[in-house]
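Q: So you can see what is in the structure, the chains are spelled out below.
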Amino acid sequence: MSILVHDPGLETTVQDTGRFGHYAIGFPPSGALDSFAYHVGNALVGNAPGAAALEAVYLGPTLEFTADTVIAVTGADIPATLDGEVIPLWESVAVRAGQTLAFGQLAGGARPYVAVAGGIDVPEVYGSRSTYTLVGMGGFAGRGLAAGDELALGDDAVAPRAGRRVPDDAVPVHPEVAELRLLVGLHSYRLTPDSLERFTDTAWKVTPDANRVGYRYRGAELEFVPREQPFGAGSDPANVTDCGYPVGSVQVPGGVEPIVLLQDAVTGGGYATLGTVVSVDRDRLAQTKTGDRTRFVPVDLDEALAIRHDRTAQLERLRSDLS
Amino acid sequence: MGHTIAARTPGVFYRRPSPDADPYVADGATVAEGDVIGLIEVMKTFREVKADAAGTIARWHVDNEDEVSIGQELVEIDP
Chain A
1 MSILVHDPGL
11 ETTVQDTGRF
21 GHYAIGFPPS
31 GALDSFAYHV
41 GNALVGNAPG
51 AAALEAVYLG
61 PTLEFTADTV
71 IAVTGADIPA
81 TLDGEVIPLW
91 ESVAVRAGQT
101 LAFGQLAGGA
111 RPYVAVAGGI
121 DVPEVYGSRS
131 TYTLVGMGGF
141 AGRGLAAGDE
151 LALGDDAVAP
161 RAGRRVPDDA
171 VPVHPEVAEL
181 RLLVGLHSYR
191 LTPDSLERFT
201 DTAWKVTPDA
211 NRVGYRYRGA
221 ELEFVPREQP
231 FGAGSDPANV
241 TDCGYPVGSV
251 QVPGGVEPIV
261 LLQDAVTGGG
271 YATLGTVVSV
281 DRDRLAQTKT
291 GDRTRFVPVD
301 LDEALAIRHD
311 RTAQLERLRS
321 DLS
Chain B
1 MGHTIAARTP
11 GVFYRRPSPD
21 ADPYVADGAT
31 VAEGDVIGLI
41 EVMKTFREVK
51 ADAAGTIARW
61 HVDNEDEVSI
71 GQELVEIDP
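Listed in order, the protein sequences are those of chains A and B. All residue numbers in the first sequence are consecutive under full-length UniProt numbering, ending with 323. All residue numbers in the second sequence are consecutive under full-length UniProt numbering, ending with 79.
Just so you know, these hints were derived from the structure itself, not from any lab. Just so you know, not all the hints are guaranteed correct.
Just the calculated beta-carbon pair ranges, DEER-fashion [said to hold, decoys possible]: (1) 2/A x 46/B: 28 to 36 Å; (2) 63/B x 192/A: 34 to 42 Å; (3) 65/B x 161/A: 30 to 38 Å; (4) 23/A x 71/B: 36 to 44 Å.
For every residue, glycine included, the Cβ atom is placed at its ideal position computed from N, Cα and C.
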């Protein structure tokens, strides 16, 4: 049982929850950027949490299935077809051997996910099937899919069947301006109070430099408080003495074009961290695209923890409703 | 009625393969289906934009190095 890749799309990769435990030695986790869409896709097709799925961006792949199976497309709002017939999103769909999944023009969001019963069966590398393309490891041959690839599928899905459906009110919407909740710190004191306010007041535009490594934004210039250059720090006013970067952290080299670091990013360095996008809202970020607008909304640590708690509970409820 | 080629991804549109090269297609040139008419740069990769119909380049809706969005009309082709 396998998938034949006829057209890979733009940068379609195998992803799971990520490769954890090696951050301290400079190893980012990779893994599905939109964790909610990824987890729900697995639940729809009867996979255990953590099975590997496909993450695409902007353009969906064209995939032929060599055996009968069950799939689910989640994430972005994009027309998906099986042999030319439109299939529903956020719902498990039966596929017959020889049928081809294809995608039309993206209508909302940015990243569709394809979950397949049994999961994509690529070797685990350091405990994960996620692709980390920058160093060419994990996933399928350490790279994005290419035409002619054949992906093996697992066979341990539990009672996969068509017709499992996510309730409409649980399907994320893709708003005109995405609001990303932000835990402010560790180095927000480096910005002038005016600039910190400007940072959260600006509707930032996603530049073409927006991928699994990070998203770069344009929209305003920020000023740093004048200071004496500390020992070990660079001369850019945005520099601090090197430190670890949380996944989701925001830095503004030179005071222009803030960058949110994502799951394939460098794990540390010498730029001030103004704040960190809460993990739940990285899902929303993953569904924004070049040209979209984004606003950062400050929250405190208690709110951030409550947001994560609520999302975990929601996923548990969905998993139990869909099983 | 002309045919319009639209952007399939967001990004920066280029009419030339490199800054010093000639444009892929000159104004008024004839293109065949599948001919490259430009590039869109997104996520640090360049993706070719191909004509999905044959004809003559009639009118550009975007300039070189414009940022484009998905579905945005790039160029009109007269049959």
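Q: If any of the earlier hints don't hold here, list their numbers in rising order.
A: 3
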